[in-house]
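Assemble the complex: chain A is given as a structure, and chains B, C and D must be docked to it using the hints.
Number of protein chains: 4
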Amino acid sequence: MLKVAVVGATGYTGEELVRILASHPKVKVVSLTAKIDAPEKIQDLYPSLLGKIDMTCELPNAEKAARLADFIFLALPHRVSMEIAPVFLKRKKKVIDLSADYRLKKDVYAKWYGAAHKDAAGLKLAVYGLPEINRNKIKTARLIANPGCYPTSIVLGAAPLFKNDAADNGFVIADSKSGVTGAGRRADIALGFGEVNESLKAYKINEHQHSPEINQELSKLAKKDVAVVFVPHLVPISRGILSTIYVRLKKPLGTARVVEMYKKFYENEPFVRVLEEGKLPQLKDVRGTNLCVMGIKVDAKKGLCIIVSTIDNLTKGAAGQAVQNMNIMCGFKETEGLI
Amino acid sequence: MLKVAVVGATGYTGEELVRILASHPKVKVVSLTAKIDAPEKIQDLYPSLLGKIDMTCELPNAEKAARLADFIFLALPHRVSMEIAPVFLKRKKKVIDLSADYRLKKDVYAKWYGAAHKDAAGLKLAVYGLPEINRNKIKTARLIANPGCYPTSIVLGAAPLFKNDAADNGFVIADSKSGVTGAGRRADIALGFGEVNESLKAYKINEHQHSPEINQELSKLAKKDVAVVFVPHLVPISRGILSTIYVRLKKPLGTARVVEMYKKFYENEPFVRVLEEGKLPQLKDVRGTNLCVMGIKVDAKKGLCIIVSTIDNLTKGAAGQAVQNMNIMCGFKETEGLI
Amino acid sequence: MLKVAVVGATGYTGEELVRILASHPKVKVVSLTAKIDAPEKIQDLYPSLLGKIDMTCELPNAEKAARLADFIFLALPHRVSMEIAPVFLKRKKKVIDLSADYRLKKDVYAKWYGAAHKDAAGLKLAVYGLPEINRNKIKTARLIANPGCYPTSIVLGAAPLFKNDAADNGFVIADSKSGVTGAGRRADIALGFGEVNESLKAYKINEHQHSPEINQELSKLAKKDVAVVFVPHLVPISRGILSTIYVRLKKPLGTARVVEMYKKFYENEPFVRVLEEGKLPQLKDVRGTNLCVMGIKVDAKKGLCIIVSTIDNLTKGAAGQAVQNMNIMCGFKETEGLI
Amino acid sequence: MLKVAVVGATGYTGEELVRILASHPKVKVVSLTAKIDAPEKIQDLYPSLLGKIDMTCELPNAEKAARLADFIFLALPHRVSMEIAPVFLKRKKKVIDLSADYRLKKDVYAKWYGAAHKDAAGLKLAVYGLPEINRNKIKTARLIANPGCYPTSIVLGAAPLFKNDAADNGFVIADSKSGVTGAGRRADIALGFGEVNESLKAYKINEHQHSPEINQELSKLAKKDVAVVFVPHLVPISRGILSTIYVRLKKPLGTARVVEMYKKFYENEPFVRVLEEGKLPQLKDVRGTNLCVMGIKVDAKKGLCIIVSTIDNLTKGAAGQAVQNMNIMCGFKETEGLI
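Protein chains in written order, with my numbering: chain A, 1 to 339; chain B, 1 to 339; chain C, 1 to 339; chain D, 1 to 339.
So here's chain A without its partners, still in its complex pose (with noise of 0.2 Å):
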């Protein structure tokens, strides 16, 4: 059984990632942390893991967990991961961070998230944690740095487009619609009931931190410059993402070339489901689940692709990716304790 730890295991992403690790095959959980008044038993402060697990969650000790725990999860705000960080990659564990912090280079870095890098070394070491497109490099990696829910959604939306050189990288928008959780458990007027319920709003455009993070990736499957039109939006539901992404394709391609393009990109991917021609999927079908189903349409007049891409924020946009990324690294089965 392999030794867990998870450090922040209270907010909704922490609690997500306990409640999968808890009824893990493979896993024994020894450590788990966070930022609370006192120790507290994990099943005291979320009752629904009751059965699950039995364990005090308790204040953050990093050397404590990690002289138990052979396997760290991060799942703390950006900027207070990379200082916890190296506590455990100098002594070989192998860890997964869930926040921001490894996700993009040192300045653009600096330049999104307002404070200079302080693990210079963790980030060269850091594998960008998206199976679909780079599992081999998972499978050694010693630091994930764990994708983004907005990135997650757009940039397996516009890979196979990107990836066989088919999409205009000078035009790509994405029109996003995410719920609350995605911005984390925190005391916010913005973020409550009253505010939220019956209402939309888009923010942050083009602003958003997740911005150079879906830029870089995109950029790389196509091997030249990709900026995307980035649209988030908020509304009123508790967990999940749908993206709408308008690519204009290079060539003419119709609907079905298009489905089919992206279920061979696809065949062999365990949380990823292509709908066939004329059907768009719905958020429902993955509330809860680490899948990723994604509608294509494409407006041949206008040479334009609409790829609507949804996931659940808090497992395939959080802890269940991260756990997909544990299962690869550990070489168990990719699936395990996710379906």
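It is worth saying that the hints were derived from the structure and are not from the lab.
The structure presented is a predicted model; accordingly, all values stated were derived computationally and were not measured.
Be a bit skeptical, because a hint or two may be false.
Okay, derived cross-link-like pairs now, SDA-like style, lysine to any residue, Cα gap no bigger than 25 Å in a straight line [stated by the list, open to error]:
{"id": "1", "chain 1": "C", "residue 1": "220", "chain 2": "C", "residue 2": "266"}
{"id": "2", "chain 1": "A", "residue 1": "264", "chain 2": "D", "residue 2": "41"}
{"id": "3", "chain 1": "A", "residue 1": "301", "chain 2": "C", "residue 2": "105"}
Just a sample of chain A residues kept apart from chain B, beta carbon distances all over 12 Å, derived [claimed, not checked]:
{"id": "4", "residue": "208"}
{"id": "5", "residue": "264"}
{"id": "6", "residue": "279"}
These stretches of chain D come out as covered by chain C in the derived footprint (C-beta under 8 Å, 3 or more residues) [unchecked claim]:
{"id": "7", "stretch": "180-187"}
{"id": "8", "stretch": "319-333"}
All C-beta atoms, glycine included, are put in the ideal place defined by N, C-alpha and C.
Chains B, C and D in isolation, oriented as in the chain A frame:
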């Protein structure tokens, strides 16, 4: 035109008050203040007010508000109102306080709100502003203690039985379900969309600060001590309360007889509607209105009368009722600006 | 007082229309009809109307409505309106049709609504009732085709760019998010709470029946063919639409310049508000109002203008706009009964 | 591996059952049927099942299901189950019926479900499948009447008091709040998002078809007649029930004593959790789980015990409990596939 000021214009109640007053044909809003970072047009803060009002919300300045206005609404947190009301009262202004500060007797207040009362003089002047019960006293009042949202739904729902000596005062249960705006606009994880949505909970059983207010008002009606078992619940809606009230009857009465009693009790009330036997209200019947709609069912075998009473917590439960009180105090038509 | 009839008073739009008309100072509602089982007081069907109106909703009888009323609102399903409108038109009554029956040219209608048009004469009379664009024609119209909800949000959002020849007509995407009442009050599993809540979906991409209406109106403004890529989405809210519109600019313009253009275009409009640079609207800004609020952001590198435009689908998107049209047709103040 | 069939696989309960069974380590699903237009892969109907199961949902064919499977789940509307169960019973298959058809005595059934019972033999065999109460009988049962969702929350919530003769059987009120999936997946305006969202209502007071089931089971526990005042409410959530139960105590007992009684009563139960004094459950504690979590508060002056009991209506209230029963009947670990 009556010159009115709203002190605390940016909470959920304050916003609703401004919306109603802005369209009120007998009123001119002359002062809006709130604890905000800097003065700002109220229609910029709440664009839905566009076209209804064009006015700057200023920083708190009671002296100035008192110079400008003749009628003052205090939409402030409890404990704050009693510090500020005297400024207006000593200048002979009429005041409606929407907090709990003037609703209870001194000692009861201290016990439930954790602070000694600081305005004994005001407390003596204050009239409990439930028009269906206290209309005559309200007409000549200088200071109104505007009722709480839960008490409004429960006292109106139970009043006819108690007033007509038909209720067993030893046995009343109020199982109330409230939307989230009842808790005010504030940063609190427990009020976050991710916590409230797809959840339900009971809280503060018999310990809610509205308990003494409910008991006090029903006791006055019954002319003997009434102690309600009060169980509030939080439900994932933005606005509204539905209270299911269980009252044991002193003597056998069928549903038809109780409906008749209620219809008679409220026959001239513009804002109370008693449904016919066999019908039950739903919250959407009252959303955005100043109505209280109720349905009645008697369990004859048990001698138990069940009243379902529903209001919008921001209108009849707060701002609408305050304007109804103002209308009465100023000799306007009682429904002015409210229908 | 203008004598008005509402034909189809019990759908979501009809209910909202009755609510607005009941409080309108220049109007007397003289006839309400709907396909219901038996005549019933409208305030019993919708208790929230209590105090605003006291009137029986009768079974459909166009002849009788024509005798009683001088101004007729048809809140009927498409294909039904064109059967009934002639009854009123031949008696020289003024008619506002809230269905799609008089919005499109004959052949386009037949193609998108699956039925030959049956009232060629009416079609000739009809004026598309978007006041911000067609106010002068509306003044003298006898029959108004009241715009659809999606088209209102999109045409208003894109009009200044097209009217000012600043838009590349080959490239417009409208990614719209709508609440559920847009689909009408009807029994349909897909509209059930259990299906819609905690879900999101895109549907009818480029196949929505509002597509030709959007294209037709923008083409008129642009004086050349415009074909919008229209992607509607269903979101779990009751009322409201937020459309995110992507328009390629013909020549470089910054956000400030476009905001200025929009402010000028709408400077005298009582129901349109253009937010300052840096601000974006949210649906709650317009809920329950007849407003359209929009925010603008230009991606200068891409030469792409992003407009976020939001309305309440039942007011500015249907009943409110109908009353605005009535006000214009009858020489009332345009905001009468709406603010 | 146990070969199981699900008859009625496409309702909310059927879907949940398939989800649980697909991941159950001791089970092989061999037949899925439903009244659908044409056979279709279940993972196409419910993409969230992708990877968990790959199977066609066929049209109803009881004979065929009986040939293929040894264990049958009937997730059918009431009145339909009793027509089909005999097909399986006479072939000595084990059956769990999730409808109401085998829960009540013949005459009580006829009264509440408006139809004479058609399977007297089956009724004689049937065991009421509430494991916490009837575990021993379930072990050897051939036909289980799986409990209703409301009754599960209420009977579990009140059982310890009645079993320990601590409750006044003349006085029990159950004020229950339920999500929408409890009403099944069907086209009904009253279940539409536009009707349910931002609303609340009580319905069928003392007339809900679950009333006799609640009374029957509590009466068995109390060994005397219990008649609960049952007031169900509809709240805008997808799944879950929270019941607030008011029971008069026969003799004075404090909260601590009752909590102790409950903890003892449920001490070995894997799916019931009694919270410590001072704590109350929320629905999110149980969403997606097979748990029943409860909190207790005694009003000592009134001699009234208030129990708040919450379950997920689709798991512990239906499909999860059915699998729990299957586990017991087949000698599997009781929590297998459920935690």
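Hints versus structure:
Taken as a hint, the residue 220 (chain C) and residue 266 (chain C) pair is honoured in the structure, with Cα atoms around 18 Å apart against an allowance of 25 Å. The suggested pairing of residue 264 (chain A) with residue 41 (chain D) holds, with an alpha-carbon distance near 21 Å, which does not exceed 25 Å. The hinted pair formed by residue 301 (chain A) and residue 105 (chain C) meets the criterion: a straight-line CA distance of about 22 Å does not exceed 25 Å. The beta carbon of residue 208 (chain A) is kept farther than 12 Å from every beta carbon of chain B, the shortest such distance being approximately 19 Å.
The Cβ of residue 264 (chain A) sits about 38 Å from the closest Cβ of chain B, beyond the 12 Å cut-off, so the non-interface label holds. Separation of residue 279 (chain A) from chain B is adequate, the least Cβ-Cβ distance of about 27 Å exceeding the 12 Å criterion. Residues of the stretch 180-187 of chain D with a Cβ under 8 Å from some Cβ of chain C number 5, which satisfies the need for three, so the listed coverage holds. Figure legend: the stretch 319-333 of chain D, annotated as covered by chain C; annotation inconsistent (0 residues with Cβ-Cβ distances under 8 Å, at least 3 required).
When held up to the earlier numbered hints, the structure conflicts with hint 8 and nothing else.
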